[in-house]
Amino acid sequence: NAGVMQNPRHLVRRRGQEARLRCSPMKGHSHVYWYRQLPEEGLKFMVYLQKENIIDESGMPKERFSAEFPKEGPSILRIQQVVRGDSAAYFCASSPTDRGGEKLFFGSGTQLSVL
Amino acid sequence: AQTVTQSQPEMSVQEAETVTLSCTYDTSESDYYLFWYKQPPSRQMILVIRQEAYKQQNATENRFSVNFQKAAKSFSLKISDSQLGDAAMYFCAYRSRSNNDMRFGAGTRLTVKP
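Top line first, the protein sequences correspond to chains A and B.
Taken in order, the first sequence gives residues 1 to 115; the numbers are from the working numbering.
Taken in order, the second sequence gives residues 116 to 229; the numbers are from the working numbering.
In case anyone wonders, no lab produced these hints; they're calculated from the structure.
Model, not experiment: these values are computed from the prediction.
A few of these clues could be false.
[To be verified] Taking lysine-lysine pairs in the DSBU-like style, the calculated list, with each CA pair at most 35 Å apart, reads:
(1) B:K170 / A:K62
(2) A:K51 / B:K170
(3) A:K27 / B:K193
(4) B:K228 / A:K27
(5) B:K188 / A:K62
(6) B:K188 / A:K103
(7) A:K44 / B:K185
(8) A:K62 / A:K27
Produce the complete structure using the sequences and hints provided.
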């Protein structure tokens, strides 16, 4: 059973471009979470999705950021018109249920660098 | 709002010795879960240990154990017989039963000296 797959592992964008980060959850998992990690900091929650639904986006910046988890295919975190402050590691995690005690399975992250 | 605090940015331990990493949290809820995750240089987040708040017994996983003090809102991780492969960033995390997000501390970087 393959783990949570994220790609690309590294992504370089110039200011003003769009960044698209992909996440395929573990097989059988229908709950996806996105986190952002700045250097030397912990992970900060961004958004929680189930198939075709955004359940909680309280950690997502109001502008330029969007996320989706379509019926078919990976979850996508999209950042429009990137700025240098968007440079960070973005982690995706999945779980089979939405139970609060459920552990999250993490991908290896996408390191976004904005030039 | 729930917050997780790790007051030790860096810790160092001699191989085969024991080290304890500290974590405190703030919450008004009574039903929640606590986790320790390890992040090696590969960046992969690996679950080390999990504790259910309603269980008084401290969780253990081989060389890893926790000291869970619910009243003090403290959740420290003890690593016994430290190995070189234990070197990593360690993150304490909190998740309530009613909330979707898992909240993380800022992390403790553990160095293991041979």
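To see whether the hints hold, each was checked on the structure:
Of the supplied pair hints, the one linking K170 (chain B) and K62 (chain A) is violated, its CA atoms being roughly 39 Å apart against a limit of 35 Å. With a C-alpha separation of about 33 Å, the suggested pairing of K51 (chain A) with K170 (chain B) holds against the 35 Å cut-off. A distance of roughly 33 Å separates the Cα atoms of K27 (chain A) and K193 (chain B); the hinted pair therefore holds under the 35 Å criterion. For the hint pairing K228 (chain B) with K27 (chain A), the CA-to-CA distance comes to about 39 Å; that exceeds 35 Å, so the pair is violated.
Between the alpha carbons of K188 (chain B) and K62 (chain A) the distance comes to roughly 33 Å, so the proposed pair stays at or under 35 Å and holds. At most 35 Å may separate the alpha-carbon atoms for a hinted pair to count; K188 (chain B) and K103 (chain A) meet this at roughly 20 Å. Straight-line distance between C-alpha atoms of K44 (chain A) and K185 (chain B) comes to about 24 Å, which keeps the hinted pair within the 35 Å bound. Only pairs whose Cα atoms come within 35 Å are accepted, and K62 (chain A) paired with K27 (chain A) is accepted, the gap being roughly 31 Å.
Of the hints listed earlier, those the structure fails to meet are numbers 1 and 4, in rising order.
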